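There are 2 protein chains.
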Amino acid sequence: MTYSKVKYEGLKKLCDIVFEKFGFSPEDSGTITDVLLLSDLFGIESHGIQRLVKYYSEIKNGLIKVDSKPKIIKETPVSAILDAQAGMGQLAGRKAMNMAIEKAKTSGMGMVVVRNSNHYGIAGYYAKMAEEEGLLGISMTNSPAVIIPTFGKDAMLGTNPIAISMPAKPYPFLMDIATSVVTRGKIEVYNKRHEPLPLGLALDKNGEDTEDPYDILYNLPKKLGGGLVPLGGSKELTGGHKGYGLALAVEIFTAILSGGITGNYVTLQGSSGSGTCHYFCAVDYSIFGDKNSIEDKLSEYLNELRNSKKAKGALRIYTHGEKEIESYKDKMENGIPMNEVTLKEIDEICKYFNIKTSEYIKKFPTDNI
Amino acid sequence: MTYSKVKYEGLKKLCDIVFEKFGFSPEDSGTITDVLLLSDLFGIESHGIQRLVKYYSEIKNGLIKVDSKPKIIKETPVSAILDAQAGMGQLAGRKAMNMAIEKAKTSGMGMVVVRNSNHYGIAGYYAKMAEEEGLLGISMTNSPAVIIPTFGKDAMLGTNPIAISMPAKPYPFLMDIATSVVTRGKIEVYNKRHEPLPLGLALDKNGEDTEDPYDILYNLPKKLGGGLVPLGGSKELTGGHKGYGLALAVEIFTAILSGGITGNYVTLQGSSGSGTCHYFCAVDYSIFGDKNSIEDKLSEYLNELRNSKKAKGALRIYTHGEKEIESYKDKMENGIPMNEVTLKEIDEICKYFNIKTSEYIKKFPTDNI
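Just so you know, the protein sequences line up as chains G and L, in that order. Number 178 in numbering that gives the first Met the number 0 belongs to position 179 of the first sequence; there are no gaps in the numbering. Number 270 in numbering that gives the first Met the number 0 belongs to position 271 of the second sequence; there are no gaps in the numbering.
Do not rely on the hints blindly, as some may be mistaken.
In this list, chains with the same sequence are indistinguishable; a pair is considered to hold if it fits within one copy or across any two.
What the hints assert, rightly or not - Calculated pairs, EDC-like style, for lysine to aspartate or glutamate (alpha carbon to alpha carbon, straight line, at most 16 Å):
hint: 1; residue 1: K311; residue 2: D203
hint: 2; residue 1: K64; residue 2: E19
hint: 3; residue 1: K11; residue 2: D214
hint: 4; residue 1: K59; residue 2: E131
hint: 5; residue 1: K355; residue 2: E344
hint: 6; residue 1: K350; residue 2: E299
hint: 7; residue 1: K309; residue 2: E207
Hints are computed from structural coordinates only; laboratory data are not their basis. All of these numbers come straight from a predicted model, not from anything done at the bench.
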């Protein structure tokens with residue numbers, strides 16, 4: 000695939016304008032763009048601005064309601080449940096995590112669940128919102144079913160990421176992991192490159208190991224069987240039941256607690272929204288002790304992990320979030336690599352809205368990725 | 000290995016008496032026995048009554064202080080932090096989860112962390128305590144370092160289990176998973192049977208795949224390098240960094256939040272206790288909506304998972320806790336299979352305390368396991 004680099008500032012302005020053209024307020028457009036671009040800056044292309052065209056088609060199909068505001072259904076000093084009313088996931092997500100943060104600041108912790116929402120971007124964005132406020136943050140979301148339970152052959156659970164973040168120096172802890180071995184996006188990359196899948200990532204419609212990425216992507220939306228393997232693989236010997244359990248736990252925290260729908264029903268409701276459910280939690284750990292000592296202890300331990308002995312041939316041990324923060328710095332300075340297909344899609348949407356793309360972004364060449 | 004079956008009732012009485020002889024009050028002895036025997040009844044021999052001899056030697060070495068009571072260091076309506084003062088993990092664990100449960104009942108949720116404790120048995124026991132009170136329960140613990148970070152070769156994190164439980168019909172959801180591919184106990188089984196380890200479970204002291212269980216078990220306590228691979232394996236391709244992240248998150252929730260010590264220091268403090276740290280959380284989900292509807296929805300989804308289509312050759316799809324509950328019923332009725340080595344160890348301890356083992360338990364033969 001061919002990539003060009005574009006500068007963050009121009010891309011940010013352009014996307015803000017495009018989302019305003021979609022019908023969102025300037026403030027909401029800013030929020031959506033922020034979530035998407037953080038993903039690109041972190042080097043997670045699948046959840047970044049390449050989603051623009053998908054969101055636009057979902058808005059046109061009525062799956063995403065531009066005018067919907069998240070509605071508070073029930074609230075306590077430590078909790079809330081929101082109905083996103085089929086609005087943009089990023090808007091419900093930001094509101095929900097802000098509520099969790101406020102509750103953590105006044106009550107020690109806050110837990111907010113959201114039902115009837117849509118795709119909310121990277122889970123890590125919301126966990127990091129809490130981290131930036133000096134709190135421990137957790138976020139999870141369900142999604143259309145792609146993970147197969149151990150011994151099964153039908154996808155019954157979303158990729159169901161778990162994100163956890165906490166302040167530390169010089170890098171915060173920021174883990175954001177799908178509970179499958181790889182994300183659906185990874186399968187798409189193998190498919191685009193016409194490369195066989197390594198065995199152990201996905202199963203075919205009989206529930207058997209497959210190397211064919213096209214087959215998986217064809218069968219999944221048609222519910223013909225097959226899909227992704229949970230973290231740990233398809234067998235109990237390698238711990239597949241553990242990844243399956245974690246994906247199931249995410250369905251509990253998101254869909255079950257919020258009274259929403261589980262991954263096996265997400266996006267099957269027709270025009271009344273995808274039904275995606277989210278979970279947000281913030282903890283002010285000063286309820287347990289001195290914040291500075293707690294943060295220092297975490298920084299020290301993360302440092303010990305990074306400095307522990309390397310396996311033969313390994314150059315570096317990472318802690319979670321380190322790669323993303325390094326990618327962020329690099330891309331803010333040197334530009335964000337954009338797939339030519341994505342750039343073309345953005346350009347077409349801009350033309351439709353009479354926006355001159357070249358006024359905002361200038362492409363400059365980069366090595367192919 | 001040769002196994003005999005013994006009846007639960009007699010074993011329970013015998014163990015209660017043995018723990019009283021160790022110096023615990025009748026109430027505390029009952030608690031410790033309950034935690035251990037639930038593990039045996041669930042079919043998890045490694046965390047059951049076979050630990051008796053290890054606990055006894057830790058008591059004699061002063062690692063476990065019989066007279067220590069868990070001390071409340073700080074408390075809010077939603078949280079508490081306890082110092083176990085090097086007492087038995089089960090006693091601190093039960094007190095902490097009971098506090099989390101009380102806080103959940105009055106404030107909606109409760110989070111209690113414990114430092115300076117010892118081995119607390121199966122994490123699932125504590126999550127299930129909340130489930131039995133109609134709450135969502137979570138428990139985690141750190142433990143002596145056995146998991147190697149991705150690209151590393153030294154064990155830096157405990158097996159660090161995560162247990163989550165919530166009421167459902169006919170079985171509750173009860174997940175209890177180590178964040179390594181397999182537990183240290185599994186490696187011990189391969190070693191006792193003189194069988195080679197399947198590749199992908201553990202690394203040798205150079206950080207390379209190994210089939211030698213003896214080597215792993217020899218190197219770990221001596222800190223010579225090597226250990227268990229995190230859930231997802233030793234490579235990023237198979238998601239090893241995800242299991243590493245989960246094990247690290249458990250260190251954060253247990254050791255970092257409680258101001259305790261991380262897995263790489265657990266049991267290295269000499270006679271001042273192992274320094275194990277735990278985490279307990281209970282959530283009264285009526286803060287989000289009607290409890291019955293929430294539980295019905297979970298029961299329905301778990302049922303859908305169990306009834307979803309099986310992979311070729313597979314007979315049954317399980318949900319988490321199902322195997323354990325079935326094992327519990329079977330063993331309560333038909334007896335608990337006990338390893339002859341464990342029975343001999345118990346008998347020796349009983350002789351020392353002038354307890355006549357045969358008055359409490361009668362062995363009857365079973366198929367070898």
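Evaluated hints:
1. Proximity of K311 to D203 under the C-alpha cut-off of 16 Å is restricted to the inter-copy arrangement: shortest distance 11 Å between copies versus 35 Å within a copy.
2. Taking CA atoms no more than 16 Å apart as the test, K64 paired with E19 passes inside one copy only; the shortest distance there is 14 Å, against 65 Å between copies.
3. With identical chains, the CA atoms of K11 and D214 are never at most 16 Å apart, being 36 Å at best within one copy and 55 Å at best between copies.
4. Neither within a single protomer nor between protomers do K59 and E131 lie at most 16 Å apart by alpha-carbon distance, with minima of 35 Å and 47 Å respectively.
5. For the identical chains of this complex, K355 and E344 are intra-copy neighbours only, at 14 Å inside a copy versus 81 Å across copies, given an alpha-carbon limit of 16 Å.
6. For a Cα distance limit of 16 Å, the shortest separation of K350 from E299 qualifies neither inside one copy, at 52 Å, nor across copies, at 48 Å.
7. Taking the shortest alpha-carbon separations for K309 and E207, only the inter-copy value of 11 Å comes in at or below 16 Å, while the best intra-copy value is 35 Å.
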